[in-house]
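Colleague: Residue strings, one per chain:
There are 2 protein chains.
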Amino acid sequence: MKNKKVVLDRYPEALPVADVMSVQEEEARVPGDGEIQVAVDYLSIDAWIGTTLSPGWLHTLIPEGATVPALGVGKVLASGSLDFQEGDAVFGPFAAQTVATVPAEGCSVVDTSIAGLSDYLGLLSVTTGLTALFGIRDIGQVKEGDTVVVSAAAGAVGSVAGQMARALGAGKVIGIAGGPEKCAFLTDELGFDAAIDYKSEDVEQRVGELAPEGVSVFFDNVGGEMLDAVLEHIQERARVVICGAISQYADNNDVYGPKRYLRLAERYARMEGYTAFHFADRYAEGMKDIAAWMGEGKLKMREQVEEGIESFPRALEMLFTGGNTGKLLVHTGS
Amino acid sequence: MKNKKVVLDRYPEALPVADVMSVQEEEARVPGDGEIQVAVDYLSIDAWIGTTLSPGWLHTLIPEGATVPALGVGKVLASGSLDFQEGDAVFGPFAAQTVATVPAEGCSVVDTSIAGLSDYLGLLSVTTGLTALFGIRDIGQVKEGDTVVVSAAAGAVGSVAGQMARALGAGKVIGIAGGPEKCAFLTDELGFDAAIDYKSEDVEQRVGELAPEGVSVFFDNVGGEMLDAVLEHIQERARVVICGAISQYADNNDVYGPKRYLRLAERYARMEGYTAFHFADRYAEGMKDIAAWMGEGKLKMREQVEEGIESFPRALEMLFTGGNTGKLLVHTGS
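Here the protein sequences come in this chain order: A and B. The numbering of the first sequence is our numbering, which starts it at 1 and goes up by one. The numbering of the second sequence is our numbering, which starts it at 1001 and goes up by one.
Rather than coming from a laboratory, the hints here were simulated on the basis of the structure. Check each hint, because a few of them may be wrong.
[Stated by the list, open to error] Heads up, incomplete: computed chain A residues facing chain B, CB under 8 Å, no partners named: (1) C243; (2) G244; (3) A245; (4) P258; (5) Y261; (6) A269; (7) M271; (8) H278; (9) W293.
Where a beta carbon is used, it is the ideal one built from N, C-alpha and C, also for glycine.
The shape of chain A in the complex, shown without the other chains (with noise of 0.2 Å):
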């Protein structure tokens, strides 16, 4: 049996692009003791991946001609581990590739019953439904009636963690998006109250406009000059929560800081990060309240869906190039 695999061939001088990937054919591998292999049917374009490829992030760098990491969800096709049966639907890191030989330990079975294959890398997964719920609840602790603001909103993580916010009785839910169809997709679909496009609008003088009263919670992925139009707004007590910046990951070493900073001080108000590693304990817990919001009809994700192994690297620069609506995935075809 043959796997397609996508390497990196060099690193990127900034963001990732497609053109430092390839994809190159092997035969796939016969599971030994303790390792399964699985058929990836999708796999999850998440922006950690990038900062795997370019030097001095939170992740390790991966070495040239290394198969580029991912999350995915497949069937295993054989199983050398008493825990995986043939044919059962698993999660795992899997990396980018269609037939991947991985250790049994760090995958799990996923129930299919409950939720599509896909949810599990979508409202279901650590780095999509779960960053978004320790986030915008644990971190942001929003609460009745609250004013939240979500940058990157019509992403993955960001549409969710809109929804989220509503659910726990936020009382304005705004977005940033860029472009007038996302903006359309956050008010008409998720049921946002209002969106922002960062591409025409100015973004510090809409949030005044659409949040007289002041923002409570900020949900921001973005970072440099969108956070700093935000922290202009913020209440007396807000939270700002700092998932990511998709707009700083080109250049660890010169990253634009929060100017407004000092307005935490005038407010006393709070900013704080975290990534969905750091609730490991807690994934069980969090994917029931998950499962439970979906089971009445609270949270939607729009699934994008890209066809093939040779379209991960396009997928991947797309992700930072603002080019998805909701959650970006590669499906295999495996």
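Starting from the structure of chain A, add chain B where the hints point.
Modeller: Relative to the frame of chain A, chain B by itself:
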């Protein structure tokens, strides 16, 4: 009776410099109904005064020609209020002058049997002792064994914050100050475990050497690159307390934003700001706590006293150029 007052002749270009102020003499005004006339003894030199002289900051800009605001202590000369009697020792917003006639509301009688008169501008004042207390205890949440770093540590607020951290059980207290004399003051007189001289040492490197376990709490009064240097070394769940940013008050429109703020996300850490005024309903309780520590000999305050109202402009300039150690006071000699 004559009053000598310090007036603002023109706005400074950046930081307050002595020559934008001058001393004028006038007849002291007899107090009207609800007012008191006070012979001002000591004036407190605080950073917030600078922000009333330059546009765009927390405090309202004072008009040119106005008396420069300041907190002071003194004795009541004449009272138009039933709450105050001639001879009472009082604290209040007397402004930079020798004889103040001000509304009685906003002033308070102080008990000089439990602390010296000038302590009410230092350890027991809102802008110094209470600022340190609420910052290090309530925002910083210093607990047993924490590693605490304080910037502007030889200043009034910083020197108290460090001692309070120790009183709260911190395992290691490190101060950052300018020059060998201030550093010796911290370690030899105040019992800090170590001091870093930012004028001759690489702060980022030294914090790493002195606190290889990482920093649990950073109490920051400086901002700028010093904030970044310490952010690089924060522990998981660290609390970065934004009390002030004396390095950044020159130009509100060109504040240095902390480029390392993404360490907050990597380490599930928090940056929180405040002013003592946000804790206004807890002043009495806080003063009791501070008085208790004073009684146990756990808090020392060095006072640097400049003689004469004429020294006020120079003293204010000095605060922004790092010329003082401990609490900077002007003794009006009235």
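Colleague: For every hint, state whether the structure bears it out.
Modeller: Here is what the structure says about each hint:
Proximity of A:C243 to chain B holds as hinted, the smallest CB-CB distance being about 7 Å (cut-off 8 Å). Interface hint at A:G244: satisfied, since its Cβ lies 7 Å from the closest Cβ of chain B, which is below the 8 Å cut-off. Hint status for A:A245 relative to chain B: holds, with the closest Cβ pair at about 6 Å, below 8 Å. The closest approach between the C-beta of A:P258 and any C-beta of chain B is roughly 4 Å, which is under the 8 Å cut-off, so the hint is satisfied.
Nearest Cβ of chain B to the Cβ of A:Y261: about 6 Å, under the 8 Å cut. The hint holds. Proximity of A:A269 to chain B holds as hinted, the smallest CB-CB distance being about 6 Å (cut-off 8 Å). At its closest, the beta carbon of A:M271 sits 5 Å from a beta carbon of chain B; the interface hint therefore holds under the 8 Å criterion. Hint status for A:H278 relative to chain B: holds, with the closest Cβ pair at about 4 Å, below 8 Å.
For A:W293, the shortest C-beta to C-beta distance to chain B is roughly 24 Å, which exceeds 8 Å, and the interface hint is violated.
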